[in-house]
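Chemist: Same order as they appear, the protein sequences are chains A and B. Counting in our numbering, the final residue of the first sequence is number 444, and the numbers go up one at a time with none missing. Counting in our numbering, the final residue of the second sequence is number 1415, and the numbers go up one at a time with none missing.
Hints were generated in silico from the structure; no laboratory data involved. Glycine included, each C-beta is placed from N, C-alpha and C at the ideal position. Please note: incorrect hints may appear among the correct ones.
As the list claims (entries may be wrong) - Using 25 angstroms as the maximum straight-line C-alpha spacing, the simulated BS3-like pairs for lysine-lysine come out as follows: (1) B:K1028 with A:K3; (2) A:K38 with A:K284; (3) B:K1153 with A:K249; (4) A:K137 with B:K1059; (5) A:K137 with B:K1153; (6) B:K1059 with A:K38; (7) A:K421 with B:K1152; (8) A:K293 with A:K137; (9) B:K1042 with A:K25.
Unchecked claim - If the Cβ cut is set under 7 angstroms, some of the chain A residues that face chain B in the computed set are: (10) E30; (11) I55; (12) V127; (13) K146; (14) T148; (15) T151; (16) E164; (17) C167; (18) T246; (19) T366; (20) V390; (21) M422.
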Amino acid sequence: MFKFPQGLYVDVRIEETFDTKISFKKENLEEQKIRTNKGAFIRVFDGNRWYYSSITNVEDIQEHIDTLAKMATPDPNILQHPIVKAFEVNRDTLIQHDQDSVTDISVQQKQELMESYLALITDPAIVHHTSYYVDNKTIKSIYSSKGTAITFDKQTCGIRLTLELACGENKDQVTVSKAATNFAGIQGQEDFITEEINKSVTFTRDAEPVVPGEYTILLSPEATGVFTHESFGHKSESDFMVGDETMRKEWALGKAIGQELLTIIDDGGEPGSGYTPYDDEGTKSRKTEIISKGILTGRLHSTATSAALEEPLTGNARSINFEFEPIVRMTTTYIAKGNRPLADIVADIKEGIFVETIKHGSGMSTFTIAPARAYKIEQGRITTPLKISVITGSVFEALAEVDAVSSEYQLMTFVGGGCGKMEQWPLPIGFGGPYTRVKKLKVQ
Amino acid sequence: MKQEFIVIREKETAARVQNSSVNAVRIKDIVKKAVRVYENGKIGISGAIGDIGEDALVKGAVENLTAGIDYPYPLTGNNKDHRSYNDKAVSSEELLEMAESILATLQKEYPDFSFSETIASYGMEVEMRNTEGLDLKYSDAICYLGLLLKEKKTANLFDGFISCDGRQFDLNKFWDITRPVLEAYRTPVALPPGDTLPIISFDTSGPLGFLAKSLNGERYATGSSLFTGKMEQQLFNEKVSLEINRNPIFSPKPFFDMEGVVLKDDRYPLIAGGKLVNVFTDKKTAAQYNLPHTGAAAGEYDDMPGLAASWNSPIPLRFQSDSTDLRAALKGQLAVLVISSSGGDFTPDGSFAAPVQVSLLFDGEKLLGKLPEFTMRSHLNKMLGQDYIGTFDNNILYLGDLPNQLQGYYMTIMR
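Okay, chain A solo, but in the shape it has when bound:
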């Protein structure tokens, strides 16, 4: 297909995307956008340095391979380079959405679904609203000079309602969202949407400012997902450890960092927004246990970090789109479910806070969670809604503070937003898990 130059490693990733966006302002149609696009990312490696090119004219791929090759210094032994040796060679066609493709659903059907949900917005506290339906189907093809030739598809679709609420002087902007990997998965969501709207209105009307301090925190599956992602997920991305002895020592495999009830998994094969059957280097996805029963047992890798740290490939080299090179990222990351019923865990909490939904999170040495809806827990009961700016904790300590995980469990798919890592944002990821109790976090 391509003429790969001698003495160099080369791979080419071609992305064909189909996107729909149908937007409303209140009940009025604002936008109906259907796009098909194509772009490519080319990498050349000479054993010393990488050379990348991102292009929108895919018919020029060969020309760009040749241009990058001229910048590189060929090495006749390139196949013996540890990174090049580590690259998997996969040949596969994995098309999952032939039968339920969003490309086969008419724009009218998509619009009508959205309109049916808009009819549910009747509460007078909702003074304005904007909303959209979106879908994306991406077909990726990856070819390498070692012989990889794979093509796979992935898709998501979803709806998102942004509600402007005014309950007297209490005002807020809230979102209600539902996403799935096919159109059927977002149909019939009337009860969910109505319940979410009602909870948001009640919350805006009744929420009280929190008294800052340290609290026991109970996290919903959504909040558990953000907590896992931010408190530990980013620490498991091994590009941070390459060439850094202190980091490797602090996060040495085999170290106990949580109680036995804690297992954290990253799985690119999990259907949803984090689905990555092959990563952007053509490595097949794995189910990686990062923490097993409280012990650090794995890390997430690209081929380069896997070779540098001499650890197995995990299929976590991902980019947000054809404009960027793959770097180490999470796919679908979650705490494995426990065996305690939620009611039992709540009943144990004398004074604490339940975090139900999340606006955003971040994960440096101090991780943060900004709740959307949170509630007091008093004497084993979830009670008053609370306005909270931010919940913070130390990534070095927080996992050891997890002392209960529920048997109830949910993994989630999303549209809108995603994970950010330096210049690459937003990357679709999946997360979720059980209800999780953390003994002590700071609340502002």
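Given chain A, put chain B in place with the hints provided.
Modeler: The following block gives chain B in isolation, referenced to the frame of chain A:
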């Protein structure tokens, strides 16, 4: 049928840095095009990436007219304005040479740190023209350095940043500030005593992001803005003024909005002397709610223009600098210069809290050392009210030749 054309061309050469060395070189050549057609009060839009012929896009836009999306507003026309802000862009060769030189110095003089991320040159051209005589063209090129700093002795993901953005890269000025910054990183100091400290920040995106929600004309008119009904009222300290500012001198973005509107002097006041004087609007919001039109249409190249700003194209709000002597304003008190505060937020009523992961002790002129992590807390009304110190042109800490600011407030410290 009226037609409108948008073309964006982006070129980038980026040196990707890992462990203080150039690990990769990335070249980007991206073209994005969109066509809008207008007929009988309706709009149709088509867009694509790649150098697609305009005829195909016009055909797509005409088909999109059948969606029946209203756009009964006059097109901006009769304005030719071509502006180029950098005719001496840093070439790819110069960029790589400069990156190697900077990294070699960092490796030699600061072996206790490792640096990673990007040193890049980025060029862009944005054109918008239509059949009503609109012919706008913005071209620019910037060079940017953004390096994460990691202290080799810590197990943090990173411990700080050094950055510099500009149309030209003044290496002497870069080292004049980078060396004291790196020396300060090497010098741990304690937080000054007291529950309230002056906080100085380069980054005003937190308050601006929160203010943007309530300065949105649609939210103002429909009642969900905190400022609804408060036009001409004193909201903040009388020093505080805020405007839409599309002058590319300050921020390398087009000088026109997504409806082709060019503002007089590239600016429009929203808060003046602490009083609310306008909210921002596009053509639709202005017409629908009888508000002044402020040229604030946002969106991606192929989006319906509107007030819903995308993450990479926010409404360009800017505080006006209102103070000149930061050291004098601190009245001898030592301040906290925030380098990284990630993950904080405002509650809907304006309460604010944020962890400060990286900060330096600062006397208004000199950097004195690196502070431990802490959390800061306040409320928007206090930050821009009684606890407001001022907004200053940043003539102290060189971050490149794009004019930038320092803003200060007294805030509660949680140690």
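Chemist: A separate judgement is required for each hint: does it hold in the structure or not?
Modeler: Evaluation of the provided hints:
Taking the CA atoms of K1028 of chain B and K3 of chain A, the gap is about 21 angstroms. The hint holds against a cut of 25 angstroms. Straight-line distance between C-alpha atoms of K38 of chain A and K284 of chain A comes to about 23 angstroms, which keeps the hinted pair within the 25 angstroms bound. Proximity of K1153 of chain B to K249 of chain A is assessed by CA-CA distance (about 11 angstroms); at most 25 angstroms being required, the pair is judged to hold. Proposed proximity of K137 of chain A and K1059 of chain B is supported: the alpha carbons are some 23 angstroms apart, at most 25 angstroms.
At most 25 angstroms may separate the alpha-carbon atoms for a hinted pair to count; K137 of chain A and K1153 of chain B exceed this at roughly 44 angstroms. A C-alpha spacing of about 19 angstroms is found between K1059 of chain B and K38 of chain A, which places the hinted pair at or below 25 angstroms, so the restraint holds. Note on K421 of chain A and K1152 of chain B: the hinted pairing holds, with a Cα-Cα distance of about 21 angstroms set against a maximum of 25 angstroms. The suggested pairing of K293 of chain A with K137 of chain A is violated, with an alpha-carbon distance near 37 angstroms, which exceeds 25 angstroms.
Taking the CA atoms of K1042 of chain B and K25 of chain A, the gap is near 16 angstroms; set against the 25 angstroms cutoff, the hint holds. Among the interface hints, the one on E30 of chain A holds; its C-beta lies about 6 angstroms from the nearest C-beta in chain B, closer than the 7 angstroms criterion. Look at I55 of chain A: its Cβ gets to within about 6 angstroms of chain B, closer than 7 angstroms, so that hint holds up. The restraint placing V127 of chain A at the interface with chain B holds, with a minimum CB-CB distance near 4 angstroms, inside the 7 angstroms limit.
Using the Cβ-Cβ criterion of 7 angstroms, the hint placing K146 of chain A at the interface with chain B is not satisfied: the shortest such distance is roughly 19 angstroms. For T148 of chain A, the interface hint is violated, the least distance from its beta-carbon to any beta-carbon of chain B being 20 angstroms, above 7 angstroms. Violation of the interface hint for T151 of chain A is found here, the shortest Cβ-Cβ separation to chain B being roughly 20 angstroms, above the 7 angstroms cut-off. Checking E164 of chain A against chain B by beta carbon gives a least distance of about 4 angstroms; that is within 7 angstroms, so the hint holds.
The beta carbon of C167 of chain A is not positioned within 7 angstroms of any beta carbon in chain B (closest approach about 10 angstroms), and the interface hint is therefore violated. Using the Cβ-Cβ criterion of 7 angstroms, the hint placing T246 of chain A at the interface with chain B is satisfied: the shortest such distance is roughly 5 angstroms. Hint status for T366 of chain A: holds, given a least beta-carbon distance of 5 angstroms to chain B, under 7 angstroms. Below 7 angstroms, beta-carbon pairs count as interface contacts, and V390 of chain A has one with chain B at about 5 angstroms; its hint therefore holds.
With a cut of 7 angstroms, the hint placing M422 of chain A at the interface with chain B holds, because the nearest CB-to-CB distance is about 6 angstroms.
Figure legend: structure checked against the earlier numbered hints; hints not met, in rising order: 5, 8, 13, 14, 15 and 17.
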